[in-house]
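K.L.:
So the protein sequences, as listed, match chains Y and S. Note that the first sequence covers residues -2 to 427 in the numbering used here. Note that the second sequence covers residues -2 to 427 in the numbering used here.
It is worth saying that the hints were derived from the structure and are not from the lab. Quick caveat, the model's predicted, so the values are computed rather than measured. Among the clues, some could well be false.
Label-pair distances were calculated between CB atoms; the ranges are [claimed, not checked]:
1. Y:V1 x S:D254: 26 to 36 Å
2. S:S86 x Y:T323: 27 to 37 Å
3. S:D50 x Y:G241: 57 to 67 Å
4. S:D69 x Y:P52: 46 to 56 Å
5. Y:H393 x S:R336: 35 to 45 Å
Glycine residues also receive a C-beta, built at the ideal position from the N, C-alpha and C atoms.
Number of protein chains: 2
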Amino acid sequence: MADVIGIGLLGCGIVGSAITRTLSLHSDEISERIGARLEVKRVAVRNLSKERDVPVAKELFTNDPRSVIEADDVQIVVEVMGGIEPARSLMLDAMSSGKNIVSANKELISTLGRDLFDHAEKSEVDFYFEGSVAGGIPIIKPLKESLAGERLNRVMGIVNGTTNFILTRMSEQGLEFDQALAEAERLGYTELDPTADIEGFDAAAKLSILASIAFNARVVAGDVYREGITGVSQRDIAFARTLGYVVKLLAIAELVDGEVAVRVHPAMLPTTHPLASVRENLNAVFVEGEQVGELMFYGRGAGGPPTATSVVGDIVDVARNIQKGTRGVGCTCYGRTARIRHMDETLCQYYILLEVLDRPGVLAQVAQAFADNDVSIKSVWQEGFGDEARLVMVTHLAVEKNFQALVARLNGLEVVEEVASAMRVQSAED
Amino acid sequence: MADVIGIGLLGCGIVGSAITRTLSLHSDEISERIGARLEVKRVAVRNLSKERDVPVAKELFTNDPRSVIEADDVQIVVEVMGGIEPARSLMLDAMSSGKNIVSANKELISTLGRDLFDHAEKSEVDFYFEGSVAGGIPIIKPLKESLAGERLNRVMGIVNGTTNFILTRMSEQGLEFDQALAEAERLGYTELDPTADIEGFDAAAKLSILASIAFNARVVAGDVYREGITGVSQRDIAFARTLGYVVKLLAIAELVDGEVAVRVHPAMLPTTHPLASVRENLNAVFVEGEQVGELMFYGRGAGGPPTATSVVGDIVDVARNIQKGTRGVGCTCYGRTARIRHMDETLCQYYILLEVLDRPGVLAQVAQAFADNDVSIKSVWQEGFGDEARLVMVTHLAVEKNFQALVARLNGLEVVEEVASAMRVQSAED
Chain Y
-2 MADVIGIGLL
8 GCGIVGSAIT
18 RTLSLHSDEI
28 SERIGARLEV
38 KRVAVRNLSK
48 ERDVPVAKEL
58 FTNDPRSVIE
68 ADDVQIVVEV
78 MGGIEPARSL
88 MLDAMSSGKN
98 IVSANKELIS
108 TLGRDLFDHA
118 EKSEVDFYFE
128 GSVAGGIPII
138 KPLKESLAGE
148 RLNRVMGIVN
158 GTTNFILTRM
168 SEQGLEFDQA
178 LAEAERLGYT
188 ELDPTADIEG
198 FDAAAKLSIL
208 ASIAFNARVV
218 AGDVYREGIT
228 GVSQRDIAFA
238 RTLGYVVKLL
248 AIAELVDGEV
258 AVRVHPAMLP
268 TTHPLASVRE
278 NLNAVFVEGE
288 QVGELMFYGR
298 GAGGPPTATS
308 VVGDIVDVAR
318 NIQKGTRGVG
328 CTCYGRTARI
338 RHMDETLCQY
348 YILLEVLDRP
358 GVLAQVAQAF
368 ADNDVSIKSV
378 WQEGFGDEAR
388 LVMVTHLAVE
398 KNFQALVARL
408 NGLEVVEEVA
418 SAMRVQSAED
Chain S
-2 MADVIGIGLL
8 GCGIVGSAIT
18 RTLSLHSDEI
28 SERIGARLEV
38 KRVAVRNLSK
48 ERDVPVAKEL
58 FTNDPRSVIE
68 ADDVQIVVEV
78 MGGIEPARSL
88 MLDAMSSGKN
98 IVSANKELIS
108 TLGRDLFDHA
118 EKSEVDFYFE
128 GSVAGGIPII
138 KPLKESLAGE
148 RLNRVMGIVN
158 GTTNFILTRM
168 SEQGLEFDQA
178 LAEAERLGYT
188 ELDPTADIEG
198 FDAAAKLSIL
208 ASIAFNARVV
218 AGDVYREGIT
228 GVSQRDIAFA
238 RTLGYVVKLL
248 AIAELVDGEV
258 AVRVHPAMLP
268 TTHPLASVRE
278 NLNAVFVEGE
288 QVGELMFYGR
298 GAGGPPTATS
308 VVGDIVDVAR
318 NIQKGTRGVG
328 CTCYGRTARI
338 RHMDETLCQY
348 YILLEVLDRP
358 GVLAQVAQAF
368 ADNDVSIKSV
378 WQEGFGDEAR
388 LVMVTHLAVE
398 KNFQALVARL
408 NGLEVVEEVA
418 SAMRVQSAED
């Protein structure tokens, strides 16, 4: 057994800095767990001249990442530089040299993860990535290990803190989307360009990783159907409240007849659902299995210290494996690529708000359009305003394709002024 | 690597039967994960003649548990018989013979666990026990492994489903304790003798296991300060609601100045706290760490299939270790016994309801009693009813001993008719 296990860091931004601090702060406890000290041996950064408030000696910094992955005294390479290249090449080469890898790079893992998983197997090294999904929440290991005896049929998460913050502010303070986004920007909860968050790309990447592990099949970010929250209005939120729902950006992965359905979109969720009480910029992953029933994992989905906790948990795991001369649980997709179910085939419930003319026979025409498209109405509310009226409906489970055809049909009806809004409803009927 | 790994079962009640079903139902996936088939080789039961609906051949049943732990073709002994003896001796002897153990026996682990942990280390076998706490919720492994790089300062759980069901019915349907208990009994949520649940013994046992793992120090059930829910009245619940709280039976473990404080008692919790939305017979464990912030693990805390999921997760872990010729993470208490902080020293907030005479100077006398005992009042409500009045107060953080002295003093005041109720408040101030 080694006395010291060397860590090489690729990147030293918010997460990387937090990792060095956690390793330093908790070094005694960590040494006790491993039976060896962890030492940061080299840190690759782009800008060598930048001042960094980290407990790492200056001479350990380098702007040559190759020197990190090739160092003889580095056994674990921690990749927190992000992006596709050079992160991918560096990790592949590090594996070839027998280095174990811990990464928090969701962008890379959710697109080209396959290369990394395969190469880690071939190179007989550990490749851990708890930090890539839901920040500080332990979810990858519980799914891969604790639930190894379970068959999961659904994973449903609030995995983007920025959008959850915006929706919370819209729900609780009556703000419109633009105002809530400005508040999130003011508090530093957004990236310079908020697109990846508000359009659901970030959530889609995380969902593909969760789905791969939950269903033991490879799913990539591009497989995920995706809608963001820019179209969510204060009116939708107010109607949701009236109906007993709260609006959340949900990332949903389901196993349906052996096929994987993956989607990210705003949805109305009953206020009694455990995910409904996930407020502000917190995250949670809700899991449903045949035997275990419902599980939920809740916590901080982003930020340096929480993500560092996940990364350091992985580092300790890998270090324990090194001490025992073994490896942890590798890729559990067993090379399987999933057949991805098209969004058109998905079953959902829907909320729809129609501005209609207030005259006899309107409801009959609207109801006929629902029937013709095989969408069954669960409940309906009508409010009249002189010549106009407003119809709000919630449907039973319906096929997405049928619902979209229904919306087109309703838009063509003379008595319908406008399909003012439509949103999926995720309730217990699913 | 083995093609088959043999499982020996000690006990085949609700959890044991569910384990055999899970192993059978998911055998293909499990084999893929392990690279070997799991086969139930022997099952020890008390009553051989009982009919059992389990996928295990009749001839594998025995009423001699020794034949299970001594069988050459058994590599993993799964103990789900419960109780202290003979479970303890059987597990110790099985370890001596080199068998790995998976157990869900919270009673034994929370009292004499030390013997088992020490003997597992000496015998160089795995000893896993995810099923002993919070049924299907993965919590032991996340605490031991995922959070290995974190320093935890508090674990707070709703870990008894029966009492949570009773309190939910009292809160949501206005039932009194006796009525809600009768409902729980009717639905089969109680043991024959409900004492262990409603008096908090079950929660205390689970809390001691959680505390041991969270704080890396041995804590036993007897260390836990314990109050049950039999004294919770509908009036308390109604006041809690008015004040923005919900009443829960909380199991709380804290690390204070290197000492462990462990307690189980009913408490008022703000409705916005994530644990407040844990309803019915569900469980959750809320964890607070320095870096990671807040985490919560939620799910079914009891029942055959959920608990079986945890047990089978452990079995898969142990089987993977066998295949690799290694062992998992052993006891993380490192032999340390914690100094247990006496309940008197604990800092809490309190709610107190006083029936007082409605005349001038009463509030002044009461407030003086608070001041004399160094208990600071955070908020106060008064309602008058002719000659009598009711005072409701919530305090700032105060020392338990001071609060108890205050209650004695108030009971002695001529102007106080009765200290009608008092309950701890667990809010963000803590």
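K.L.:
Looking back at the numbered hints, which does the structure fail to meet, lowest number first?
P.N.:
When the structure is compared with the hints, numbers 3, 5 turn out to be violated.
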